[in-house]
Amino acid sequence: MIELGLPPFLLLSAFLFACGVACLAVKRNAIGVFMGVELILNAANLNFVAFARYNPAFRVEGQVFALLVIVLAAAEAAVALAIILNFYNNHATVDVDKADELRG
Amino acid sequence: MPEWFDTSPGRLYVVATLLPLLGCALLLLGGLTRALCRPHRERGGAAGSLYWLLGGDRPLTTGAYLATALMGGAAVLAVVGLVSFLGDVRSGLKPDEMAARWSGRVDWIRIGNTDPMPPAAWDKSDSARLVRDESPAAPPVPQAGRALELGYRIDHLSALMVAMVTVIGTLIFVFSLGYMRDETKETVEDHEVDRQTPARHDGGSHHADVVNPSPQPPPPGGEGVPAQRNLPTFGSAEPGAGQSVGASPPFPLREGGPGGLGGSGLHGFARRGRYGRFFAYLSLFAFSMLNLLIADNLFQVFVSWELVGVCSFFLIGFYYERPSASRAAAKAFIVNRVGDAGFLVGIFIAWTSLGTLNIEELTRRVRSPERDTHGSLEFAHQLVRVNPTKTPNEFELPAKGEAGSHLALFPPLWEDPTHFHGLGYKRTNEQSISVPPEQRYFDFGAMPYWLFVVMGAGIFLGCVGKSAQVPLHTWLPDAMEGPTPVSALIHAATMVAAGVYLVGRCYVLFAPEVLLGIAYTGAVTLFVAATIALVQTDIKRVLAYSTCSQLGYMMLALGVGGWAAGLLHLLTHAFFKALLFLGSGSVIHGCHHEQDLRKMGGLLTKMRITGLTMLVGVLAIAGAPLFSGWYSKDQVLSSALGYGLEHRQHFALFVLPLLTAAMTGFYMFRLWFLAFTGAPRDHHVHDHAHESPAVMTVPLIVLALFSLGVAWGWPVWDADASALGRLLEAGRPAAWLTMFGAEAQAAHDHHLTAGALALLAAVLGAGLAAAMYWRPKLDPAAVRARAGGVYTFLLNKWYFDEAYDAALVKPAVGLAFASAAADKRPTDGETDAVPPRRYDVRTLDGLITTAGQLVGAAGAGLRRAQTGRLRGYVLVLALTVAGLLGMLLGLGG
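Chains as they are written, first to last, in the numbering used here: chain A, 1 to 104; chain B, 1 to 893.
Quick caveat, the hints were computed from the structure, so don't treat them as lab data. For each residue, glycine too, the CB sits at the ideal point set by N, CA and C. Treat the hints with care, as some may be off.
What the hints assert, rightly or not - Label pairs and their calculated CB-CB ranges: (1) A/E101 x B/L50: 21 to 29 Å; (2) A/L12 x B/A878: 52 to 60 Å; (3) B/L36 x A/G32: 50 to 58 Å; (4) B/L884 x A/L12: 20 to 28 Å; (5) B/T7 x A/V64: 39 to 47 Å; (6) B/G859 x A/D95: 28 to 36 Å; (7) B/L891 x A/A22: 48 to 56 Å; (8) A/A22 x B/G861: 55 to 63 Å; (9) B/L891 x A/E101: 18 to 26 Å; (10) A/V64 x B/A878: 45 to 53 Å; (11) B/L884 x A/V64: 41 to 49 Å; (12) B/L36 x A/A18: 56 to 64 Å; (13) B/L344 x A/V64: 51 to 59 Å; (14) B/G861 x A/A18: 26 to 34 Å.
Input sequences plus hints: build the corresponding full structure.
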């Protein structure tokens, strides 16, 4: 088995993160934005497990945090979908640009 | 719990200090709850019944009893602490063991390193004053920031003082239970307000309005604020409840006019009784004073100092509806601020130049240690004055017979031998005292000597204000407006004692010049105050001036090197002055609030206990042999004589107190003869006079016993053998002998002379009083006529108030009026609705308006950024992160 080393994982994670941020920045659909958030979370997750693998000091912590993030993502999905549904009920759209009622 | 006290019995004192605070807090809490429940009083329910449980419309007495009990508990703890402290002293513990058992501190605010280091390690990196240290082998410098601490340290002086304050305080609390009984009523009528109010309306003096620019708001009270009351006399105007802004406070609606009809049967000003509030103030006062006594650093002293000041403000202004009382309270507060400004300057200098506020460390920093690792030092306990050399931050001893311009400072932790290795000056005067290279991380610095003098003078100025010394004594006689137990508490046990106590505690921080100033201040004060006391006719004012005078004795004694003498006088004086004040309170109570000595007379038959106990007090203060005042005054005068003999040019420091001893005998016996002997001068007063209840006479008897015997020792007839005095002598600061060795020897040698002269003077004074007022051989009126101008001069108290009025108040008022006039547009009418101001709109007002407008404009601009567009936010976020990363890379690269 080829030992890849840490950098490829980090690069992949950074790529995922950039994708997530780009998704957040360009999507108008709330579901799309939400998917961007999921990408960012997974980028973080990848970092956690990669460090857990390659840094003996974080062997346990990295995995524990990855699990924590997964649970967090699940919870977040539930809440975010509920919010989006409610927003749709009230505005008949999921365009985040329409959600500017709290602007200054 | 017992082990907790066993390992560190000093905690007894902390608990004793906190008990009165607990009493105050409970009273406040009770009052607050009652006030909160008040709206429910008609509806019943839990809140309603809680309201009635907490006393309902009548002030509750339980809280007062509770506060008294807690104060008693503090007294018990203090006495236990004193006994065990003396036990420790007797068993000969080493200083560091004593320190471990009887002191403690916690950092409160620390600047710099947060590691708990040896507390006083000097942070050498913070100042260029310290000697440079370029030795490569220097071990790591222990970094310890400066800290503000809360701490306590018990020594002989503070142990005795705490015991005295708590015991007297308890007696005063008990006395107040009886004296303030009027305040338990639902409605108290204060006739004094009526008597004073018309005088206020007919113009009054500017002085009054300026010294007391705004009417006193009601202090936060232990009994809550009575809101809308059903009393017919109140209407809807609560006195001073916030609406009283401006120069003319709204006076409460009174039933009828000054000669009112009194249809409802109420005359004069009516208000709710303030029993609980009084005890809350007393408790807070006691707490502040105890905290001041046990504090081990100047900052804590200052905090308590201000707390004591504000409590005295509340207590003097307890009858704040009376214009005179609220004025007196404000005067006491403001005059004390003058002194406190000096105190603050002293603290600032100590902090910046010496780096610590802990009194013990300050001592170590300015006084040379007794020995170092190489043996004993020539300059032990002295202030070492040096001159700067050409090399920066190095100092050398001046030639013999010259005084250097700087004061050498010493490391605060000098006991540790490794830190003290290679101290640069030993035995020889030629050697430079700059630190040799092998001196490691504790080293000397120096501060300008004049700055050190200013520091001492500043601290002393604070004491001048608090202890009512000339020229800041004018607040004290006015403070008599407060209820009599307050006068006793302020004038005997607590507030005025604080100044003398602080001088005693900071004794070694005073340069010789400052000590001389202290001595002269004391001498002038004792003389001036005594002369004024000769002619006063208000029973409490005589006592107030006598207090001033006695405090002058203490300051004098401290200044001339009688450390133990001055503080012994402080302790004994506290007992007999509390006795005299409470006695006068009993007289006033018995005579239905008549304070004028000219209307009394022949009261001994009516008030036997009060009269006899007061006689004990009079004998004690006059210095009759075997009474406590005799021992202390004897020592004070012999110290003064010793100093006068050593320094002939300062012989006045003995003559003035000797003269004053005669005057003390005169005015005290005059007071007693006028009040208690002879024919009644006012039959109305005499007929209605009655002895006070037991709750007031028992404290008198106890205090009389203390006044008689508190200074006894064996043999009783030897004025030098006072046991209390011996205790204080044991607690003298270590540097005392170096400072005043010769004077102390002279005082000891001439002790008998001084004592005999003082006794002779007192007898002469008392005899004169007897000849004038008891067995009239001399007609007081004739004496008055012959004295003429002097009498008027004294009756007007040396015109101090008038001088201050002309020199300070009038110019200030004039300036204020001139400014107001300049700000007025010529077209503005007197009754113009628009505020008449011309420059103000653009200057002070404009500044504040501009600041507000700027903030508003900034907000208006920034709200544009809040678009509500999610994508915009994300973009900004991403760009910011990218920018930060770029900066990071740039820095790293």
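Hints versus structure:
no.: 1; hint: A/E101 x B/L50: 21 to 29 Å; result: violated, 47 Å
no.: 2; hint: A/L12 x B/A878: 52 to 60 Å; result: violated, 19 Å
no.: 3; hint: B/L36 x A/G32: 50 to 58 Å; result: holds, 55 Å
no.: 4; hint: B/L884 x A/L12: 20 to 28 Å; result: holds, 23 Å
no.: 5; hint: B/T7 x A/V64: 39 to 47 Å; result: holds, 45 Å
no.: 6; hint: B/G859 x A/D95: 28 to 36 Å; result: holds, 29 Å
no.: 7; hint: B/L891 x A/A22: 48 to 56 Å; result: violated, 27 Å
no.: 8; hint: A/A22 x B/G861: 55 to 63 Å; result: violated, 30 Å
no.: 9; hint: B/L891 x A/E101: 18 to 26 Å; result: violated, 41 Å
no.: 10; hint: A/V64 x B/A878: 45 to 53 Å; result: violated, 29 Å
no.: 11; hint: B/L884 x A/V64: 41 to 49 Å; result: violated, 28 Å
no.: 12; hint: B/L36 x A/A18: 56 to 64 Å; result: holds, 59 Å
no.: 13; hint: B/L344 x A/V64: 51 to 59 Å; result: holds, 56 Å
no.: 14; hint: B/G861 x A/A18: 26 to 34 Å; result: holds, 32 Å
Hints 1, 2, 7, 8, 9, 10 and 11 from the list above are not met by this structure, while the remaining hints are.
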